[in-house]
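Trainee: Assemble chain B onto chain A, guided by the hints.
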Amino acid sequence: MIDKIASLGHSGISMVISFGRAGRFLAGVLSGVPRPVAGFPLLMRQLYSVGVLSLAIVVVSGLFIGMVLGLQGYTILSDFGSEAAIGQMIALTLVRELGPVVTALLFAGRAGSALTAEIGLMKATEQLSSMEMMGVDPLRRVIAPRLWAGFIAMPVLAVIFSMVGIWGGMLVGVEWLGVFEGSYWGNMQASVDFRDDVINGVIKSVVFGFVCSWIAVYQGYDCVPTSAGISSATTKTVVYSSLAVLGLDFVLTAVMFGNF
Amino acid sequence: MKQRTTDITVGLFMLAGLAALLFLALQVSGLSPKSAKSTYTVYADFNDTGGITPRGRVSMAGVTVGTIDSVTLNKETFQARVAMSIHGDVDNIPADSAAVIRTSGLLGEQYIDISIGGDMESLKPGDTFYSTQSAMNIERLISNFASGK
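Sequences listed follow chains A and B, in order.
Sequential numbering of the first sequence, starting at 1, is according to this note's numbering.
Sequential numbering of the second sequence, starting at 261, is according to this note's numbering.
With the rest of the complex left out, here is chain A (with noise of 0.2 Å):
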């Protein structure tokens, strides 16, 4: 009995310990950014290996889940005769949504997973501390690229979610279903406002971008240095940031879209 209320604490104290661990760290990379000339070119690649690789990813999605959309709204609107309203749902839902929350989803599935692999086979290989030891910070050569590129890509990637949906929606609603493409448009354009809903959307995908890199860099560099130890923490970033996206999304739909 004494050892489980213990060990809850044990638990409790190296949660918070991690919290502590992975503050210190981002403000240990933060610190080590300005750099520019000499970063640039690693940034670059790094972008394109987080930014540019998800896209065929996103793009696929992004159409199929506008096609959805289309079919699930036409088959529910034409109940009630408004099926021209097909667009302004469509566009409300994405631009809103799930254009920031599924890019985030398939972003921490994609490229946070492979962020955490790299990172982590870095330090059981011990290249991390041979970097150390050439004099080189590990933790400005190596993670603040990879936190940076995931922090820009993923509001781009989302707006480009966003596009191709609204796309495929399209493609669903008036090329095959038949609405009318000026109310398609029409609606769409009467009720998407750019301030409260692109803006908000791109805001969210900015910080579910910070979030999900944060914490793909941060377990990768804080695994324990064995094959286990790498599936463990590759695990670890996809769950934790499934749940950081969700919860976060919550909050932030709660203070953007919530009046009161």
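What the hints contain is simulated information worked out from the structure, not anything from laboratory work.
Just to be clear, a hint being listed does not mean it is correct.
Unchecked claim - Label-pair ranges, simulated between beta-carbon atoms:
| no. | chain 1 | residue 1 | chain 2 | residue 2 | range |
| --- | --- | --- | --- | --- | --- |
| 1 | B | F405 | A | L243 | 51 to 57 Å |
| 2 | A | T235 | B | H347 | 54 to 60 Å |
| 3 | B | L278 | A | L171 | 22 to 28 Å |
| 4 | B | S319 | A | W167 | 29 to 35 Å |
| 5 | B | S319 | A | V60 | 38 to 44 Å |
Ideal Cβ positions, reconstructed from N, Cα and C, are used throughout, including at glycine.
Mentor: Quick look at chain B alone, frame taken from chain A:
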């Protein structure tokens, strides 16, 4: 991969993001470069605004001529005071026009329609509509009908 190729692909990626944002701004949210034209504000007092909300439209003969800015309660008269911004080029609304709350379709959103009066004077910025007609309330309509009034 060579650094140059990486740079070019990443550049294209960022441009695609920019183009997507532009698409969301222009095509989806209908933000047009010329929509930043001048507007002027007029007011109207209603007994019952129904479901009027800010960003709703103000129309005249079915054509949108402005948007609703705010809906507030006037604590002295207990009426709702609606501020609306009218496009600057519609500057000849007769001063005795009425602001009427209408519903588009049976279940559609509510908007303000300006029914034109015959006065030679026109409304100036900051003026208040002299006559208004509140939102049609279906429950009140039915109860009036049922009690035979």
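Trainee: None of the hints should be skipped; say for each whether it holds.
Mentor: How the hints compare with the structure:
no., hint, in the structure
1, B:F405 - A:L243: 51 to 57 Å, "holds (55 Å)"
2, A:T235 - B:H347: 54 to 60 Å, "holds (57 Å)"
3, B:L278 - A:L171: 22 to 28 Å, "holds (23 Å)"
4, B:S319 - A:W167: 29 to 35 Å, "holds (30 Å)"
5, B:S319 - A:V60: 38 to 44 Å, "holds (42 Å)"
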